[in-house]
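Under our numbering, the residues of the sequence shown are numbered 5 to 87, in order.
Check before you lean on any hint, since a few could be wrong.
Label pairs and their calculated CB-CB ranges [to be verified]:
#, residue 1, residue 2, range
1, I17, E49, 46 to 54 Å
2, Y87, R44, 52 to 60 Å
3, L9, L29, 28 to 36 Å
4, C75, R44, 40 to 48 Å
5, E25, I61, 48 to 56 Å
6, T52, E15, 51 to 59 Å
7, A57, E19, 53 to 61 Å
Result set (DSBU-like, lysine-lysine): computed pairs, CA atoms no more than 30 Å apart in a straight line [said to hold, decoys possible]:
#, residue 1, residue 2
8, K45, K63
9, K73, K63
10, K85, K73
11, K21, K37
12, K45, K59
13, K73, K59
14, K83, K73
Hint data in this document are derived by calculation from the structure and do not stem from the laboratory. Built from N, CA and C at the ideal position, the CB exists for glycine as well.
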Amino acid sequence: MTSLLRQIEIETITEEKCLSELQRLYQEIEETKGRLSQQRKLLLEMRTGVGEAHKQITKGRSDCISLTKMCLSIGVNVKGKQY
5 MTSLLRQIEI ETITEEKCLS ELQRLYQEIE ETKGRLSQQR KLLLEMRTGV
55 GEAHKQITKG RSDCISLTKM CLSIGVNVKG KQY
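Turn these sequences into a full structure, and let the hints steer you where they fit.
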């Protein structure tokens, strides 16, 4: 009977350790969820910034092409076909 009581005590201690570990893991999961949320927000901001920069570059390139065509046209009008 004593050995059975001792075994129950050991198993109870093991159960308490498992519960403690489970609580720690739940807390760690919640902290990780918070970090993940922050990381996603940061990535969204970065992607938005890159998207805006890409739009500006594309617009600048388009403007440059338009100006090049305009210069070519003016050059042809001023100098003729030798331009």
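Practice problem: Could you work out which earlier hints the structure fails to respect and list their numbers in ascending sequence? | Solution: none
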